[in-house]
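Asks: Sequence:
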Amino acid sequence: MTRGQKRGNNSEAQSIDESKDILIETKEGSKQLRIPMDSIQVWPVRHDCTEAVWRSTKPVITWSGKCNPKSDKLHIAVFDYSHPQGEDIIGYTTIRIRQLATEVLTEVTIPLAYTPVPFFPANCIISLKLGKPAPMRKTIFLVRHAKSLWNYARETDLGVSAVFSEDHGLHGEGFKEAEALRTQIKLYASGDAKTTNEKRQEYTQEFLECDSILCSPLSRAVQTAVVIFQDHPHVLRSRENPSENVVPESFAKRGLKQPANTPIKLMSSIRERRNFGSRDCVSKYRGHAILRHSQKHLNKYYGPNATEPYVLSGAQRRSLKLSCGDLIDVNDCTDKWWDDDVETKSQFDSRMQQFMEYLQYCPHRKIIVVGHSMWIQNFLVDHVSDELRSRIPEIASEKIENCGVLACDTVFNAQSSDPEATVEDIELLFSTSFKSNSLRRVCTSDIRLKRPQTGTTRKAHENTSEVADASPDNKSDL
Numbered sequence: 001m002t003r004g005q006k007r008g009n010n011s012e013a014q015s016i017d018e019s020k021d022i023l024i025e026t027k028e029g030s031k032q033l034r035i036p037m038d039s040i041q042v043w044p045v046r047h048d049c050t051e052a053v054w055r056s057t058k059p060v061i062t063w064s065g066k067c068n069p070k071s072d073k074l075h076i077a078v079f080d081y082s083h084p085q086g087e088d089i090i091g092y093t094t095i096r097i098r099q100l101a102t103e104v105l106t107e108v109t110i111p112l113a114y115t116p117v118p119f120f121p122a123n124c125i126i127s128l129k130l131g132k133p134a135p136m137r138k139t140i141f142l143v144r145h146a147k148s149l150w151n152y153a154r155e156t157d158l159g160v161s162a163v164f165s166e167d168h169g170l171h172g173e174g175f176k177e178a179e180a181l182r183t184q185i186k187l188y189a190s191g192d193a194k195t196t197n198e199k200r201q202e203y204t205q206e207f208l209e210c211d212s213i214l215c216s217p218l219s220r221a222v223q224t225a226v227v228i229f230q231d232h233p234h235v236l237r238s239r240e241n242p243s244e245n246v247v248p249e250s251f252a253k254r255g256l257k258q259p260a261n262t263p264i265k266l267m268s269s270i271r272e273r274r275n276f277g278s279r280d281c282v283s284k285y286r287g288h289a290i291l292r293h294s295q296k297h298l299n300k301y302y303g304p305n306a307t308e309p310y311v312l313s314g315a316q317r318r319s320l321k322l323s324c325g326d327l328i329d330v331n332d333c334t335d336k337w338w339d340d341d342v343e344t345k346s347q348f349d350s351r352m353q354q355f356m357e358y359l360q361y362c363p364h365r366k367i368i369v370v371g372h373s374m375w376i377q378n379f380l381v382d383h384v385s386d387e388l389r390s391r392i393p394e395i396a397s398e399k400i401e402n403c404g405v406l407a408c409d410t411v412f413n414a415q416s417s418d419p420e421a422t423v424e425d426i427e428l429l430f431s432t433s434f435k436s437n438s439l440r441r442v443c444t445s446d447i448r449l450k451r452p453q454t455g456t457t458r459k460a461h462e463n464t465s466e467v468a469d470a471s472p473d474n475k476s477d478l
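Going by this note's numbering, the residue at position 133 of the sequence shown is 133; the numbering climbs one at a time, nothing skipped.
Derived by calculation from the structure, the hints in this document are not laboratory data.
Here the structure is a predicted model, which means the values were calculated and not measured.
Careful, some of the hints might be misleading.
Stated by the list, open to error - Restraint-style ranges between C-beta atoms, simulated for each label pair: (1) 414 x 102: 16 to 24 Å; (2) 391 x 172: 35 to 43 Å; (3) 236 x 70: 36 to 44 Å; (4) 385 x 57: 23 to 31 Å; (5) 125 x 414: 40 to 48 Å; (6) 387 x 121: 55 to 63 Å; (7) 53 x 344: 21 to 29 Å; (8) 341 x 315: 40 to 48 Å.
Heads up, the beta-carbon is just placed ideally off N, CA and C, and yes, glycines get one too.
Could you put together the complete structure from these sequences and hints?
Replies: Structure (structure tokens):
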């Protein structure tokens, strides 16, 4: 069951009352079909969007609790939320589950009950596919964006200079941080660097083996992802195998060109939570405008026409071979995805649940998520195990530093209808440390290079303590 696009600007649209069943007029005569709410999968509303895309995975749930592909049907309804009195079903169809192919998109056309243009019927085309059973244990790598203009302003004038800015990009210091992380990823991927900590080395290898990269649509996260993943193996593989990108047949029918195989997917549910005065969480860009806005800021620091040429070295300025358009898939953010008002806890929890559901049922086992400090903190508060919380009590209150990477060994509950996840273990990677003085961990002080590198480096040493002082002397120069 799916909710469709929204017509109009009514931001106070009501949601389905989950305490009641839904009545739908079926095509078989004038009968009504009563569907229990616990057998329904609901997609979020897309605001002011004519070609909505939901990057989501949902379990197939039947009334009997079991799925019989030969006889079971999937009922699909499209709702309109522009009416003040509540939702209105404007489209409905059924499809037998056996008609859906595994790992191949199947198009379903739903005639809509209204005609936006006189004498031209409107249809809603939905592409679906059956996925393979998802693994219930996954490694989620949380990456915080590099230092932004807002982060820098808070350090210099308590944020006064950037208090009215919206969707700001990275500061010059942030690009230096992103380049440093990019260098470490490239060294580990080539085998020129390793850590003596076996557990950390295992997580680092899994980071390099990730086949899914998800990112917040806010500019500071997009710019961070474009820089640090230039040389990531997943990005290099996607560029070598562009045929892996499957495009619905309707794209060609509507004259749309086949997009490039973009390895980084934007997801609106990863955006930072907006609190009072958080103008940095507000945007005015959707779809490909997000890429143009982010690329314009990147061009200030990269390329032959850089207007900030002294922030990065000459080699770094020339090294950005892949642009935002080469790497980013914006399909999940073609609607008005940001919040104009303060986001309540229930609203934030709702989109976090949507994201966790995607993580639970997607086929990937190793996933990178590029997000924000408060978003990452909420993820940890909600999902760390009691044992981990008692062992590292500060985990729920501290933030990882800008451009930091945190590996989370996550187990999902396959028996629960709602997404339930437990983070059983964490590990900080690539020189990441917590910011607070109460807990600082340095995780690459035990890096050693297999071959001498150009330039001067400190001698690496092994860090055997569980909690280490994050002084400059303890950090690697990589």
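Asks: Each of the hints needs a verdict: does it hold here or not?
Replies: Right, here's what the structure says about each hint:
| no. | hint | result |
| --- | --- | --- |
| 1 | 414 x 102: 16 to 24 Å | holds (19 Å) |
| 2 | 391 x 172: 35 to 43 Å | holds (38 Å) |
| 3 | 236 x 70: 36 to 44 Å | holds (42 Å) |
| 4 | 385 x 57: 23 to 31 Å | holds (24 Å) |
| 5 | 125 x 414: 40 to 48 Å | violated (32 Å) |
| 6 | 387 x 121: 55 to 63 Å | holds (58 Å) |
| 7 | 53 x 344: 21 to 29 Å | holds (26 Å) |
| 8 | 341 x 315: 40 to 48 Å | holds (45 Å) |
Going through the hint list in order, the structure does not satisfy hint 5, though it satisfies all others.
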